[in-house]
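As you go down the protein sequences, you meet chains A and B in turn.
Using numbering that gives the first Met the number 0, the letters of the first sequence correspond one by one to residues 0 to 374.
Using numbering that gives the first Met the number 0, the letters of the second sequence correspond one by one to residues 0 to 353.
If you're looking for bench data, these hints aren't it; they were derived computationally from the structure.
One or more of the hints may lead you astray.
[Claimed, not checked] Some chain B residues near chain A, calculated using beta-carbon distances under 7 Å:
| no. | residue |
| --- | --- |
| 1 | G174 |
| 2 | P268 |
| 3 | A271 |
| 4 | G336 |
[To be verified] Residues from chain A that face chain B, not an exhaustive set, calculated with beta carbons under 10 Å:
| no. | residue |
| --- | --- |
| 5 | K1 |
| 6 | I3 |
| 7 | N245 |
| 8 | G247 |
| 9 | R369 |
For clarity, every value in this text was computed on a predicted model and none was experimentally measured.
A virtual CB, placed ideally from N, CA and C, is assigned to each residue, including glycine.
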Amino acid sequence: MKYIDEFRDGELARNLGASIAATVQPGRNYSFMEFCGGHTHAISRYGLSDLLPPTVRMVHGPGCPVCVLPIGRVDLAIKLALEQGVILCTYGDTLRVPASDGLSLMKAKARGGDIRMVYSTIDALQIARDNPEREVVFFAIGFETTTPPTAVAIQQADAEGLKNFSVLCCHVLTPAAISNILESPEVRQWGTVPLDGFIGPAHVSTVIGSRPYEFFAEEYRKPVVIAGFEPLDVMQAILMLVRQVNEGRAEVENEFARAVTRDGNLKAQDRVAEVFELRREFEWRGLSVVPYSALRIRQRYAAFDAERRFKLDYRSVPDNKACECGAILRGVKRPQDCKIFGTVCTPENPIGSCMVSSEGACAAHYSYGRYKDMH
Amino acid sequence: MGEVKRGYVRPLDLKNGRVDMTHGSGGRAMVQLISELFAKHLGNEYLGQGNDGAVLPAPTFNGKPGRLVMSTDCHVVSPLFFPGGDIGCLSVHGTVNDVAVMGARPLYLAAGFILEEGFPLADLARIVESMARAAREAGVPVVTGDTKVVERGKGDGIFITTTGVGVLPDGLDLGGSLARPGDVILVSGSLGDHGVAIMSKRENLSFDAPIESDTAALNGLIEAMLATGAGLRCLRDPTRGGLAATLNEIATQSGVGMVLREQAIPVKPVVAAACEFLGLDPLYVANEGKLVAICDASDGERLLNAMRAHPLGRDACAVGEVIADDHHFVQMTTAFGGKRIVDWLAGDQLPRIC
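With the rest of the complex left out, here is chain B (with noise of 0.2 Å):
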């Protein structure tokens, strides 16, 4: 990264200007998008070394060594922006989330940055001003980046892909592969939120109440959770498929099976309506904002109430239970007394006809 002096070349023009095949040519054009927007916005001190990757500490946890943590997720959300939130802020909770439910904490984010010929610099402007302030909130700073401008027609406006890495104590160990029979299923919110949100506004419906992602930076309710000291044995942020494909996946991972109250599952009712609607099933619909959690049973109403008391767990609940099962299979509870599997999803969820 570098720094065009001020007075050589106009300023970018963030009102009426478009991305062009200049802005990832590696000229002055390029320079100037990065200093005037992505600097501008995201900078810090790791940001502004302006080498080609950043220096950083040797990560510690509370003054001890740690392991690290990495994960990366591309983001590639149609629209750009939607009620309550926009790709900017989604890939940087997005990673944050990611890095943070392996027990971590999140310390620093990579962004790549893929922009199609003639996206509007304004929308690009209120991209990076959102996942500045995403990062900001997250406490998680923006340390090096990347861009490239692809010819029009071969993107879809915007592409970010970030990369996060935390830092994990040791003696911490959470995965997908320990949950045992008898462990307590927890899920930190409402349902089907963001994925409905998003749908609504492909599909141009507009609710009376409205509906909004919540698309959020977990970490803070995290390490509220892990300072109880509670048996946590998983937690994983159900995205893409819902909390239907991530139990699913522990299950799997774990080799036992999973029973599902129903009436326990917490689903807005202008969600469930919108689900109703759509022809969804709020199980399968992606959340940015939520977080499963898999745990000892005799800690669960502990660690519960340490969720409650943060406002984004303010919603907390358990919803079911681990049993040994040979099938692995997810089974719920139906508010009827029935039961009947949760399974994955088969490819997209597509609405129903009749």
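Next up, chain A with everything else stripped away, as it sits in the complex (with noise of 0.2 Å):
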């Protein structure tokens, strides 16, 4: 496959990982956050880490939509479509994500809830135009990388008058979670977690740039590399991270240069900025309240917003007591240190949320690397 096959080339990919163990110094542990599930999904599916020295750890962050989605949100999703009847339309993963009493949109679905997946905004507007007769929801998740489109959405069915068509906005932010993480004391004040630097987001970087990232290099000197989500774009950045530590430099680099630029997207971040302004705070899953992390829809979208159009009442909901995810997400612990894990928690029945996306940390390890516990 053209533009795709060069970035998975086995052979380079083994170069890329001989030159890593030549640059890690000796007697120094290297400690990497992959912020985004994409990178988490490479990294396990292509079996990255048996191309690393055993000095390089990588940790897996926060960057999976549906995993950082709380219970509380997807229970006011299953809310709209069992009690208020309406057609409820979503991106794939997020029907499996675990809710109060049990159920998940897909079993939301079994109980007669009209719960459609689509593959994008587009789809879920016109599902509103071909039924006038009833009301269209879309809950609308997802980092800065999907906001885009619903705020084309919310504008489209404004031009139109599209009466019936709302949102239930949960897009957060990717840079808030950055700091939350970079301010927890695990790794400000404990140290438990240590952290030498980042990977950087790559399709977030497409719309945001990567300027925001270059507060974190400096405030916290900690070296950011952008990269693609393709196997040799994260070999790649992890050399480049390594080098960034030898030298005691702390920069945002872009390995992802064929999509990425400094300041980003900028007709895309107009069209956020017009429908959406910053929520004061937002739960997330693992990473509890955090302030100014997440968007709603301004005043002037009102009439498209279901948490306003259906009255919506926000209740937070605790995780599982032993499910672990949260500390997951933090990059406090990993999967196979949680109790549950492959065991009560699968991906056929997930209790955390890390479990249920293929990008989770929880369902990546699960799916391919457990092996590497029992052998």
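Using the hints, build the complex out of the two chains.
As structure tokens, this is what we get:
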């Protein structure tokens, strides 16, 4: 496959692995967080950790959209489908996220909820046009990558005068999550989570650009290398991070220059700013309540805000006590450190959200890497 | 089944007509549907007996008595018509293949139709014709059948269940529990074609190179493979859940592990691209005209040559080996030289968001 195979070349990956092994300094440990689930998936799926020297450890970050979605938010969506009888549209993985009462959107569908998977907001708009007598709600989740399409859908609905379409907005912000991790006592005070640098997001950065990460590099003295989601991208980024650490640099470098610029996609940013504003606070699974970390729909587009339209009240619901998703999302624990990993909690029956998406740290380790724990 | 004397009723309107409740009520309309559509296309000496069941000769394999193999498969595909096939030929291929991968020669099929009130007769005719063609090509007649009509909204147009019977020669035993460490794993051709053809039609995606379902009857290919006398342990057609599910099933049944070589697994570039686009993994995507063979390593090359000599096995290749592993993992050496598990599919394959 053109433009993809080039980034999955095994020979080059092994060469990069050898370069990394030759570059790491003896007696020094390197610990990098890959923020995005896309990177976590690539590392597990291509077995990249087998190509790294043992002194380089990858810590999985919270950048998996469904993993950080708190139970209370999924509950709202389920309520809309089951109690208000709306057609609820959402992206694939979201259907499996566990919610209260043993439900998920998938299970709510089996109980009669009209819940539909869509590939894009355009599909959701079309469903609204095709069903003028029904309320259609798009359950909008994700980081900055999926935010612009939601903004465009709301503006499109507004322009068309589509009266039966609204959005349950759960869009969250990457920089806020990174700050939260860097400010956490485990990283800042106790040093229990050693973090020598970040692999910065791929798709998110195509929208927001590389500029927002400059603050982290400066303020927290952490190198950031923005990298694409292909396995060679990840290997190259690790090499660049090792070099920065060795040379005592803390800069933002851009490995994903084929798609990311310093300013990002200004048109998309404008659309987002027109439609959304910052929420004062938002609950994340794993990170709990993070101030100014998510978006809500502006007053100008209030008619399309499902929270206002259906007068929804958010109620926070604690995670299952045994579930370690919170600690795993902050990099404090690894999936195999969780007592219920692979026993009570499996991809078939996820207790925590990290077991839901193949981008989630637990599901990635369960699906691709758990043989390593047993052999 | 019966026959209504011509002239008593108008012929079925196969252009604009629709299935209605009378087509399932046991009266003239039902008999007419059977005779003008099902019997007309699928007809053969057994179906023509017109009784509640078909009387069939005792099965033999090359003149010798054999054992019966029986399998059944329900077909509920959406869309009903897709590039490379439709629910009609699929319902024949699916069951013929399930019988054939047991090592048996498929002999007869039974077909049950559940039709939804309002279903266009023109579509039904297309489906039955396609079934008839597939049955003819596979050499396996439909010898008995049944039709029911459900009210509008209680079905999805048409569901077809087919049951197949075949004969298995004494001395030949294939099964999922017979794989042994050291055996080789062969596939008969490129993976994921059927599932991706369906998905791209469902999502209304078109690609420069059309993706067609691989739906096909494999009994001819399997006869050619058996004729080599190679030490075959197990044959399976990797339908739902794809190659990954099939190999995990066999690994569990046989109490072994497996190691695949990612680079050896054949996937057409257009299918790989579509999977990339749709967020799917071709290893988990359904096939309807491919098989997996587990075979004694010493016979692998000979079996591969026989497969490649058959049009449905042209792209056959070895993709991995059976190993001893108490955990029964199916592992894969990635193109990177790293290793990972090829796990069971968890629920449906849902696209990732990031």
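Here is how each hint holds up against the structure:
The criterion of a C-beta within 7 Å of any C-beta in chain A is not met by B:G174, whose closest approach is roughly 26 Å, and the hint is violated. Checking B:P268 against chain A: minimum C-beta separation of about 6 Å stays under 7 Å; hint holds. Because the closest C-beta pair between B:A271 and chain A is about 5 Å apart, less than 7 Å, the hint holds. A cut of 7 Å between beta carbons decides the hint on B:G336: the least distance to chain A is about 6 Å, and the hint holds.
This hint holds: A:K1 has a C-beta 9 Å from the nearest C-beta of chain B, less than the 10 Å allowed. The restraint placing A:I3 at the interface with chain B holds, with a minimum CB-CB distance near 6 Å, inside the 10 Å limit. Proximity of A:N245 to chain B is violated relative to the hint, the smallest CB-CB distance being about 24 Å (cut-off 10 Å). Among the interface hints, the one on A:G247 is violated; its C-beta lies about 31 Å from the nearest C-beta in chain B, farther than the 10 Å criterion.
Annotation: interface hint on A:R369 holds; nearest CB of chain B at approximately 7 Å, less than 10 Å.
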